[in-house]
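K.L.:
Sequence:
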Amino acid sequence: MADPATYHWHGTDSQGKHRRGDMPAANPAEVRLSLHRQGIRASRVSLASAPVRNRNGGRKILVLSPRIKSQDMLLLTQQTANMLKAGLPLLQALTIVSASTEHPRVRQLLSALQRKVATGGRFSEALAEHPHNFNRLFISLTAVGEQSGTLDTALERLAGFQERDAVLVSKVKKAMTYPLAVLITAVLVTAVLLVKVVPQFASTFADLGAPLPVLTQRVLQLSDLMISHGWLWAATLAGIALCCCRLIQSKPGARMLSDRLLLRIPLLGAVVRNAVLARICRTLATTTAAGLSIVDALKLSATAAGNLLYQQTCLDILTDVEQGQSLGFSIRKTGLFPVMITQLTNAGEESGTLDAMLEKCAGHYEQRVNDLLDGLTGLLEPLIMVVLGALVGGLMLAMYLPIFRLGAAL
Numbered sequence: 001m002a003d004p005a006t007y008h009w010h011g012t013d014s015q016g017k018h019r020r021g022d023m024p025a026a027n028p029a030e031v032r033l034s035l036h037r038q039g040i041r042a043s044r045v046s047l048a049s050a051p052v053r054n055r056n057g058g059r060k061i062l063v064l065s066p067r068i069k070s071q072d073m074l075l076l077t078q079q080t081a082n083m084l085k086a087g088l089p090l091l092q093a094l095t096i097v098s099a100s101t102e103h104p105r106v107r108q109l110l111s112a113l114q115r116k117v118a119t120g121g122r123f124s125e126a127l128a129e130h131p132h133n134f135n136r137l138f139i140s141l142t143a144v145g146e147q148s149g150t151l152d153t154a155l156e157r158l159a160g161f162q163e164r165d166a167v168l169v170s171k172v173k174k175a176m177t178y179p180l181a182v183l184i185t186a187v188l189v190t191a192v193l194l195v196k197v198v199p200q201f202a203s204t205f206a207d208l209g210a211p212l213p214v215l216t217q218r219v220l221q222l223s224d225l226m227i228s229h230g231w232l233w234a235a236t237l238a239g240i241a242l243c244c245c246r247l248i249q250s251k252p253g254a255r256m257l258s259d260r261l262l263l264r265i266p267l268l269g270a271v272v273r274n275a276v277l278a279r280i281c282r283t284l285a286t287t288t289a290a291g292l293s294i295v296d297a298l299k300l301s302a303t304a305a306g307n308l309l310y311q312q313t314c315l316d317i318l319t320d321v322e323q324g325q326s327l328g329f330s331i332r333k334t335g336l337f338p339v340m341i342t343q344l345t346n347a348g349e350e351s352g353t354l355d356a357m358l359e360k361c362a363g364h365y366e367q368r369v370n371d372l373l374d375g376l377t378g379l380l381e382p383l384i385m386v387v388l389g390a391l392v393g394g395l396m397l398a399m400y401l402p403i404f405r406l407g408a409a410l
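Counting in our numbering, the sequence shown runs from 1 upward without gaps.
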């Protein structure tokens, strides 16, 4: 069995005092769960460098390799599942997949898995030695598949989960990136006009000697500020952004506050909320269908939530379930899950079809994300055109307005 990794954690106890320390665990969710049971609310959990043994039995610091892209991991999982479905032994399947890939990191990872399996190690143990590439959900479902003799089915289920999750995350990122990219472009275009174009008009206006319209005067003043202090503005904005990022990473309540505020942003907050609900329901459905207990399923769902507010809520639900309460009642008590999830969860628990009901919930909220993104994109496109037109058109109007007035006077 692979040695557990060591995690650094920061948090606050029940009295509001800041606490931190190190804890060996299989994954960050186990660290948060252990701290939650001790009355500590974790704000940050990060992986420490893991020690490994060298050939002489000594210990050295392991240099962590960069994470492999999700698309490559999806292809690896799909190919391995297909090989096992065809009846090939695991070791031979890994060899074939390794020979077919052109990615050097993937080939190196598969070689390490092959060596572990060839020496008699379990596949799930081999995966656990690479926590940066295989999360706890992947390892847990693989272990269940090995124990039940359905490893091919487990990998196939994981491949489907990875594919749907990758599509969902990609759509949400595009929805958040598109307006940001256009905003940055608009700011850069405006800055170029103020620094390069407006000064040329300023020299022409000075030769005319006529009074300038108020709009033109303001634009010329803004141009002078950009030329003389533009670097200071840029450095200030970059410093504020960097401080906010560091604050969110280091302060106990900053990450929770940012995640709460993100959910309150009009339209975009609804997209993020539905995406989080879809990931939680999909994780619960996949893990319960694979045979994991509801306690283990909730641990994995907390890790997969992607939002600290819902991650903490999943741990609260886990505590209630461990005390004997039903999953549906515990979910309803939080007030953060829609009525549909509560009703279908209750129905699934009573009928023994919890995984199917949660699968329906996941599909529903994934479709909701798609609909909201389509509406958001349709709303942003005309809004962006208006903003760009107002910025560029306003500057051009301010520059040509004195010329128009001069022409009318002549």
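Take the hints with a grain of salt, since some may be wrong.
As the list claims (entries may be wrong) - Keeping only pairs whose Cα atoms sit at most 25 Å apart, straight-line, the calculated PhoX-like set for lysine-lysine is: (1) Lys17 with Lys173; (2) Lys171 with Lys360; (3) Lys196 with Lys69; (4) Lys69 with Lys17; (5) Lys17 with Lys171; (6) Lys174 with Lys196; (7) Lys69 with Lys174; (8) Lys173 with Lys196; (9) Lys333 with Lys173.
As the list claims (entries may be wrong) - For each label pair, taking beta carbons as the anchor points, the in silico distance ranges come out as: (10) Gly389 with Trp233: 35 to 41 Å; (11) Pro24 with Ser351: 38 to 44 Å; (12) Met176 with Glu350: 36 to 42 Å; (13) Ser326 with Asp371: 43 to 49 Å; (14) Lys85 with Asp371: 20 to 26 Å.
The hints are simulated quantities; they were obtained by calculation from the structure and are not laboratory data. Since this is a predicted model, take the numbers as computed values, not measurements. We put the beta carbon where it would ideally sit given N, CA and C, even for glycine.
K.L.:
Tell me the numbers of any earlier hints that the structure contravenes, in ascending order.
P.N.:
Of the numbered hints, 1, 3, 4, 5, 6, 8, 9, 10, 13, 14 do not hold.
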